[in-house]
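J.: Start from the sequences, fold in the hints, and give me the full structure.
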Amino acid sequence: MTGTPRTAASRLLQNRLFLALCLACTSVAVLALAVLLVSVLVQGAPGLRWDFFSEYASRKPERAGILAPLAGSIWVCVTCMLLSLPLGVATAVYLEEFARRSRLNRFIELNVRNLAGVPSIVYGIIGLTAFGRMFGLVGAADGTPVVLGDPESFFHLELPLGQSVLAGGLTLMLVILPIVIIASQEALRAVPRGLRQSSLALGATPWQTTWQVTLPAAAPTILTGAILAMSRAVGEAAPLLVLGIPLFIASTPESLMDPFTVLPFQIYSWASRPQAAFHDLAASGIIVLLAVLLSFNALAIYLRIRLQRSTAP
Amino acid sequence: MTVPAQSGHATPRPTTQHGGMTAPETPPASIVAGGFHAWYGGHHAIQDLSLSIPRERVTALIGPSGCGKSTFLRWINRMNDMIPGARAEGSLTLDGESLLDSGRDLVELRRRVGMVFQKPNPFPKSVYDNIAFGPRLHRHMTRSELDDLVEQSLRAAAIWSEVKDRLHQSALGLSGGQQQRLCIARAIAVGPEVLLMDEPCSALDPRSTASIEDLIRDLRSQFTIVIVTHNMQQAARVSDQTAFFFEGRLVECGPTDTIFTNPRSKQTEDYVTGRFG
Numbered sequence: 000m001t002g003t004p005r006t007a008a009s010r011l012l013q014n015r016l017f018l019a020l021c022l023a024c025t026s027v028a029v030l031a032l033a034v035l036l037v038s039v040l041v042q043g044a045p046g047l048r049w050d051f052f053s054e055y056a057s058r059k060p061e062r063a064g065i066l067a068p069l070a071g072s073i074w075v076c077v078t079c080m081l082l083s084l085p086l087g088v089a090t091a092v093y094l095e096e097f098a099r100r101s102r103l104n105r106f107i108e109l110n111v112r113n114l115a116g117v118p119s120i121v122y123g124i125i126g127l128t129a130f131g132r133m134f135g136l137v138g139a140a141d142g143t144p145v146v147l148g149d150p151e152s153f154f155h156l157e158l159p160l161g162q163s164v165l166a167g168g169l170t171l172m173l174v175i176l177p178i179v180i181i182a183s184q185e186a187l188r189a190v191p192r193g194l195r196q197s198s199l200a201l202g203a204t205p206w207q208t209t210w211q212v213t214l215p216a217a218a219p220t221i222l223t224g225a226i227l228a229m230s231r232a233v234g235e236a237a238p239l240l241v242l243g244i245p246l247f248i249a250s251t252p253e254s255l256m257d258p259f260t261v262l263p264f265q266i267y268s269w270a271s272r273p274q275a276a277f278h279d280l281a282a283s284g285i286i287v288l289l290a291v292l293l294s295f296n297a298l299a300i301y302l303r304i305r306l307q308r309s310t311a312p
Numbered sequence: 000m001t002v003p004a005q006s007g008h009a010t011p012r013p014t015t016q017h018g019g020m021t022a023p024e025t026p027p028a029s030i031v032a033g034g035f036h037a038w039y040g041g042h043h044a045i046q047d048l049s050l051s052i053p054r055e056r057v058t059a060l061i062g063p064s065g066c067g068k069s070t071f072l073r074w075i076n077r078m079n080d081m082i083p084g085a086r087a088e089g090s091l092t093l094d095g096e097s098l099l100d101s102g103r104d105l106v107e108l109r110r111r112v113g114m115v116f117q118k119p120n121p122f123p124k125s126v127y128d129n130i131a132f133g134p135r136l137h138r139h140m141t142r143s144e145l146d147d148l149v150e151q152s153l154r155a156a157a158i159w160s161e162v163k164d165r166l167h168q169s170a171l172g173l174s175g176g177q178q179q180r181l182c183i184a185r186a187i188a189v190g191p192e193v194l195l196m197d198e199p200c201s202a203l204d205p206r207s208t209a210s211i212e213d214l215i216r217d218l219r220s221q222f223t224i225v226i227v228t229h230n231m232q233q234a235a236r237v238s239d240q241t242a243f244f245f246e247g248r249l250v251e252c253g254p255t256d257t258i259f260t261n262p263r264s265k266q267t268e269d270y271v272t273g274r275f276g
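The listed protein sequences derive, respectively, from chains Z and R.
0 is the number of the first residue of the first sequence in numbering that gives the first Met the number 0; add one for each residue after it.
0 is the number of the first residue of the second sequence in numbering that gives the first Met the number 0; add one for each residue after it.
Be a bit skeptical, because a hint or two may be false.
No more than 20 Å apart at the CA atoms, straight line, and that leaves these computed lysine to any residue pairs for SDA-like [unchecked claim]: (1) R/118 x Z/59; (2) R/118 x R/210; (3) R/118 x Z/191; (4) R/118 x R/213; (5) R/118 x Z/194; (6) R/118 x Z/193; (7) R/265 x R/64; (8) R/118 x Z/192; (9) R/118 x Z/190; (10) Z/59 x Z/250; (11) R/118 x Z/188; (12) R/118 x Z/216.
Covered stretches of chain Z, as calculated for chain R (at least 3 residues, CB under 8 Å) [stated by the list, open to error]: (13) 49-61; (14) 185-195.
Since the hints were derived computationally from the structure, they do not count as laboratory data.
All C-beta atoms, glycine included, are put in the ideal place defined by N, C-alpha and C.
T.: The following block contains the structure:
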């Protein structure tokens, strides 16, 4: 062999330096998060009294509560999930399992990937036009909506959708649909080809194979992706801002047609006020938002473990 | 070892009139290829193949990688339909019925022709649900009928004693060899006539390989078995007939003893004695 030998000492030193660098990078992120969390907790924890959760927003900071945005966030996110999960998974199943590798399908896939990177405020504009106002095609000129069904019942529609929970859910659906599709595609792609082949070789149709073998095998991963997408939806304020949802609202939604507001919007509004008392409220609101996020994640982990328990060794 | 009578099984495999003691030396052919060609896109994978695979015997397909043996196997149950650009010409029949018709009912074909793959690939379900998967696709069965069928299939694949206490645990917890026998049981459960095996032992250790080979010898009396293998000794141990493929052509086909001890072709001799390939 030619060349001068590299000493073990110099390579060990390199190794240590690289390790130190990695550690430094990690601690920057962790420390920043820790500082943020601690400061928010210190500022906001005293405000987490029972009436903070049972009161609506108020001009007086000592009477202001978070009930409306908390309920609104949960309503709109559940709506969004119920809309985007079936649509997203179905799209992924089509693209991965059934679509031929044609130029059109490659174009669709490329576009889904691009859509995942579009700023959410753009989706807000689409949501406002398509769902909020329905291109001005439906309803009277003065803005009175067309009502389908009994307005007193849960199951009724008011078109255009305006600033309702359904409009918000649909708008957020636009934001997270690409994420759900991509995550589901990756999950389906990770299912071993052998499973599909075995199923087909046993005489299953492609549909039976997808429904009984591929999807169940991919379900835990799909769920994880879906929950990540949902976490994003909970944190979104921009598209709903464009949709024109109200900030002060003294009711919680009771149907999909009711108006709502969301946590990030409320937090932003409190934080932008001059009085310090509202800043404390904002900190409390952030804690609530984090708690909602973490409980969604916990639910996802629980569901994933339950799904995996039936399949894991 | 024999499979117990398959009670509760609505379509038992057709019993052949020449089973048992009066079996002739060479039973009638089950799968017959004549002037068979196969392509992947522009690649001519099998050229002018004529081959008869006898009923209820083990036929081994040997040859170096890329010689067309797996391709031929995958045409018998039409798994190649999944591959874009794969096409075939000529004649390929199972019990006289053409396998290549584009309108052929693949569900029915694959119920009659089971397949075991190179890598053991149990579904991420329980042992029981793995076996019950196929039968549930094809017919409505009561719980007790299904219980019986699962037991029979697992017994036939010589794995019942190892899994009978863990039927409702995940099949992924079994060892590689057990998983492969489970896959064989799963294929048997739909009541096929033919079992295709694509290098079923290549991912297994020697002990598991031995158990699979024992099983193949047990099953030969009830199924027409076609096995692709890279292991010469395995072909010699388990098969009645051996076909040697080389570069898309069938070089030689005959009784396994003859192929291994007294082949007609120099190429075959070189391959089976390990001088090339």
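J.: A separate judgement is required for each hint: does it hold in the structure or not?
T.: Hint-by-hint comparison with the structure:
Restraint check for residue 118 of chain R and residue 59 of chain Z: the C-alpha separation of about 69 Å exceeds 20 Å, so the hint is violated. Using a Cα cut-off of 20 Å, the hinted pair residue 118 of chain R and residue 210 of chain R holds, with the two alpha carbons roughly 16 Å apart. Restraint check for residue 118 of chain R and residue 191 of chain Z: satisfied, since their Cα atoms lie roughly 11 Å apart, inside the 20 Å limit. As the CA atoms of residue 118 of chain R and residue 213 of chain R are separated by approximately 18 Å, the hinted pair is consistent with the 20 Å bound.
Of the supplied pair hints, the one linking residue 118 of chain R and residue 194 of chain Z holds, its CA atoms being roughly 10 Å apart against a limit of 20 Å. In summary, the hint linking residue 118 of chain R to residue 193 of chain Z is supported, as the alpha carbons are separated by about 8 Å, within the 20 Å threshold. Between residue 265 of chain R and residue 64 of chain R the CA atoms are separated by roughly 19 Å; this keeps the pair inside 20 Å, and the hint holds. In summary, the hint linking residue 118 of chain R to residue 192 of chain Z is supported, as the alpha carbons are separated by about 11 Å, within the 20 Å threshold.
Restraint check: the Cα-Cα separation between residue 118 of chain R and residue 190 of chain Z comes to about 14 Å, which is no more than 20 Å; the hinted pair holds. Between the alpha carbons of residue 59 of chain Z and residue 250 of chain Z the distance comes to roughly 18 Å, so the proposed pair stays at or under 20 Å and holds. For a cut-off of 20 Å, the pair hint linking residue 118 of chain R to residue 188 of chain Z stands: about 18 Å separates their Cα positions. Straight-line distance between C-alpha atoms of residue 118 of chain R and residue 216 of chain Z comes to about 17 Å, which keeps the hinted pair within the 20 Å bound.
For the segment 49-61 of chain Z, the stated coverage by chain R is violated: 0 residues have a C-beta nearer than 8 Å to a C-beta of that chain, whereas at least 3 were required. Only residues whose C-beta sits within less than 8 Å of a C-beta in chain R count toward coverage, and the segment 185-195 of chain Z has 3 of them, enough to reach three; the restraint holds.
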